[in-house]
Every structure is written in C-alpha cells, then in structure tokens.
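Q: Sequence:
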Amino acid sequence: MKKKSVLADFSLLMVAFVWGSTFAVIKDVLSEAQPLNMMGIRFILATILLSIMFHKKLKKATKEAFKGGIIIGLFLFIAMVTQTIGLVYTTASKQAFLTGTNVVMVPFFVWMVHKKRPDTYAFIGAFLAIIGIGLLTLDGSLSFSTFNKGDVLTLICAVFFACHIISIGYFTKNYDPVVLSIVQFGVTGILFAISAMVFESFTLNVGASVMKAILYLALAGTAFAYTVQNVAQKYTSSSHAAIILCLEAVFGSLLAVILLGEVLTTRMILGCAVIFIGIILTETKLEFLKKKNREASL
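Residues 22 to 319 (the working numbering) make up the sequence shown, in order.
Rather than coming from a laboratory, the hints here were simulated on the basis of the structure. Backbone N, C-alpha and C define an ideal beta-carbon position, used for all residues, glycine too. Don't take each hint at face value.
What the hints assert, rightly or not - Within a straight-line C-alpha distance of at most 25 Å, the following computed BS3-like cross-link-like pairs (lysine-lysine) qualify:
| id | residue 1 | residue 2 |
| --- | --- | --- |
| 1 | K306 | K80 |
| 2 | K136 | K88 |
| 3 | K88 | K194 |
To be verified - Between beta-carbon pairs, the in silico distance windows are:
| id | residue 1 | residue 2 | range |
| --- | --- | --- | --- |
| 4 | K24 | D140 | 35 to 45 Å |
| 5 | L285 | K77 | 17 to 27 Å |
| 6 | K306 | E85 | 17 to 27 Å |
| 7 | G282 | M232 | 17 to 27 Å |
Put together the whole structure using the sequences plus the hints.
A: Listed below in structure tokens is the structure:
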C-alpha cells in the first residue's frame, strides 16, 4: 500500500505539471477562441477518446458509478464555468490566488464529510501552500476594498474545485476511476456546449492554432490528467492530493517564464520554496527529525 501511495503522489505531481502547462497554452490562444466553446470541444473530445479506449469498462459500469461520475462532473463544470466568467471581471493574478484557496478548504470539507479530522500536518501544509501561491501570483493586487463580482465568482469556483477533489476521493473508493472520468467529462462537455450555444456560438469550426490548443487540452490536460487524478486519489487522501495539486501554480509560473518570457522574481522563488516546504511537511510529517532525535537519545 505504501508503494501505491508513493506512486499516487508521483502521478499527482505529473498531473500538476500538465495542468501548469495549460496556462501557457490557453493564454496563447485566448484572444482567438471563445472560452466556453473551447471548453465544450475539449471535454467532448476527451469523452469520445476514453469511451473508445475503455468501452468494455463502460458496458460493465453500474448505475451508481454513473451517478458518481455525474456528481463529479457537475462540480467540475460549476468550478470551471465560474472561473471562466470570473476572469472577465478580475485579474489573472488575483484569480490564480483565489482559486488556489481550495487547498485550504479541502481539509475542512473532508472533516465535515467524513467526520474525521485530518492531522495537524495537513492543515499546516495547506496554509503554507496558500501563502506560497500568494507569493507566486499576487503583486499587491489583492485588496478587499476592490473585491468585485469576478473575485466572488472565483471564490465560488475554489469551493467547487474543493468539492470536486473530495467527491473524487469519495467515489473512487468504490467505483472504477476510469468510468468516473468518462462520465464526468461527458457531463462537463455537454454543459459547456449548452452554455456556449446560449452565451457564444457553439461551433467545431475553429482556427488551426485554436484546434491545436484544444487537442492538447483534451488529450493531456483532460483525458490524461483528470483520469490519472481519479486513479491516484484511490490511494491517497483528498487533503494530501489538494496540496500536491497546488504545484500546478508553481509549474504554471515556471513554464510562463520559460515559454512566454515572463520574469522570474525573488518573490516567485520564495513562493515556490514555501509550497515545497508545505508539501515536504505533509509528506514526511517530520519523521526524519523524530528518527534523528530517537537515535540521539539512545
């Protein structure tokens, strides 16, 4: 079980890297794409791909597994649509920080749902992670006096991302993670397509650069990353997963420096360091220090 837990953590690390890379991809084509339309195509393509690959698993899936996937998909859609609309009214840096607050919410929500208090290291690690995200993303733009509807929508988005992580942890304990992935993608894709029809104009006729971005988002950022997340969360806690996944902000910032030419500041380096300290704390629970103290006392 320990080996599976370590593998799960490494898998979540890969997911965080892939999601971090999607910031640069989306930013590069956002001026050419309709956001809701792009998201609709992204999730529908991922649904079709995984349905073809794992059609035997789908045939064997129970109604309960489908219900679980629908719930996960609803949480994901609400989180992503509020994030997309919220970005119209707030800055990218404020949104990155406010979305990242889900890492602090998860341990408390787990406590409410499972009636089991996460250990102290999970709480400390979560708070260190949010401090690190703040150092990485904020440039003095977070002010409650300028809090607007975009910020409120982003906080709602953070709540539903926290619910998404917890619901995955809950349902993957009993149902096939791949089936849950396919169903959640289908639900999210359909709801984004309907939203695009209402607020934009849903179409599959997009430019070549936008289609390349959508293919990357569908294959790597969705089919691969979310499915790996589902499988990995079968072998680790939701609080643990949330802290590792917050490395998305670290990878997103570093890749923005490498691919988009953004400036790497001392503040960003400090933010990365604080996040890593939070992760090390939750991963090790300082057992290596306790072991040294025990050896010294012998």
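Q: Among all the numbered hints in the text so far, which are the ones the structure does not match?
A: 1, 4, 5, 6
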